[in-house]
Every structure is written in structure tokens, then in C-alpha cells.
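Peer 1: One line per chain: the protein sequences are A and B, in this order.
One point on numbering: in the numbering used here, the residue at position 51 of the first sequence is 738, and numbering is uninterrupted.
One point on numbering: in the numbering used here, the residue at position 23 of the second sequence is 1169, and numbering is uninterrupted.
Since the hints were derived computationally from the structure, they do not count as laboratory data.
Mixed in with the good hints, there may be bad ones.
What the hints assert, rightly or not - No farther apart than 30 Å at their CA atoms in a straight line, the calculated lysine-lysine pairs in the DSS-like style are these: (1) K725(A) <-> K1157(B); (2) K690(A) <-> K801(A); (3) K725(A) <-> K757(A); (4) K690(A) <-> K757(A); (5) K1157(B) <-> K1224(B); (6) K801(A) <-> K757(A); (7) K690(A) <-> K1224(B); (8) K1224(B) <-> K1161(B); (9) K725(A) <-> K1224(B).
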Amino acid sequence: AQKVTQAQTEISVVEKEDVTLDCVYETRDTTYYLFWYKQPPSGELVFLIRRNSFDEQNEISGRYSWNFQKSTSSFNFTITASQVVDSAVYFCALSEAEESGTYKYIFGTGTRLKVLA
Amino acid sequence: GAGVSQTPSNKVTEKGKYVELRCDPISGHTALYWYRQSLGQGPEFLIYFQGTGAADDSGLPNDRFFAVRPEGSVSTLKIQRTERGDSAVYLCASSLIDSGKYNEQFFGPGTRLTVL
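The whole structure should be built from the sequences, with the hints applied where relevant.
Peer 2: Here's what the structure looks like:
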């Protein structure tokens, strides 16, 4: 069965600290996609990154980096030198490449990040 | 270009009433999704449209929920005989489905439904 676990409900850090948000997933498929979205207080989900199951390269985008490890079924997200504007709820999501072509997302419960000035 | 838009942004109704929630996807996006997000939870899938047809409605909680997309663009989520448990934020997303290529979903701002 598909499942995404974000065990960290809430994290508080002081500005400029590094922080890692954990994501563990379960799937029986060999082809799947993983995503991270940011949901600021305004409520709109903002796409951050997509990763397919065949690409285990880690990725860095500015202060953001992602560590995908199939061996541990994890897709963790690190923010370096956090800023107050990073405060939001972050969601990890899984999508399987089903034959039906649905590509629906299975979301985790989210991690609320608070960055204190 | 314009993103996904949803109307109304807020809807307050009484138990037992009928409501319609509207979604305007990004122009040219053939795939459209509805999700429901309860307080403190991640969004949960409701239904997926590819073009005009509902390709997957496995997430609809019961037969009080129905959605249409008659012209393959705008979609309406309809809830009959609303219950207090239906209170949530209803999110719409759209994406471009290319043959052999999967693209991310873009989300609208949501409609906050409150059933009194």
C-alpha cells in the first residue's frame, strides 16, 4: 500500500540554522515519483521538487537540498541557513505511475517549520 | 500566465444544504484533481479528470460527493446534504500529462468549506 510518513509534526529553529525535514515512503511499485510542497500561511501549496524513482542523485537548489535514498525509502529535505520566510508547513508526497494513469498524490501529514528571528 | 483559481474562497453553509465548488485549471492542462484537506492533515485525493471524464473517483467518500468537468476545462465539485464532517479546505490541482512524461501538479488556493 502507498504511504508517506512525516514523523516530525513541528520543528522550531533559530534563523540561520540548518534544518532537515524527514520523509519516509512505502510503495510496491518500482516506478514512482516523490515531491515536496511548501504551504505558507496563505494556504496555497507551492511545488518545490519532483524526483522519479530511477534518479537517486541528490539535488541542490540554492539553500534547499534533497537526499533521496531508495535503500531506506527516504526523501529528506534540508534547508541551509534558514530564514523567517521559510516558516510554513512542508508536505512530502508520493505518486505511483499506475496503469490507469491517475498519478494521484499520497501526502504525508506535513511538518510545520517555524523559523524564529 | 494565470494559475489555478478556485471560487468561492470561503463557503459557509448549514447542515443538509447543497454546495458547489468551482475550479479553473491552468489553460491547456488536461489533468485535473480534487483533494480535501482537513485541519492539521495533508491533502487527501478525491477525484481525477483526464479531459472531460472522471478517470479515477476512488477518493470520493460517499455518493453525496460528485464532480463534473463537462468541457474539459472548468470543474465543479458538488456536495449534497452537507454534514459537519465535510468541513475542510477543498483543493484543486491541474497538470500537463504528456505521453511518457509526468509533470507536477499545480494547486489552487482552495475553498474553505464550513458546515454549521
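Peer 1: State the violated hints by number, sorted upward, taking the hints as numbered earlier in the document.
Peer 2: Per hint list: zero violations.
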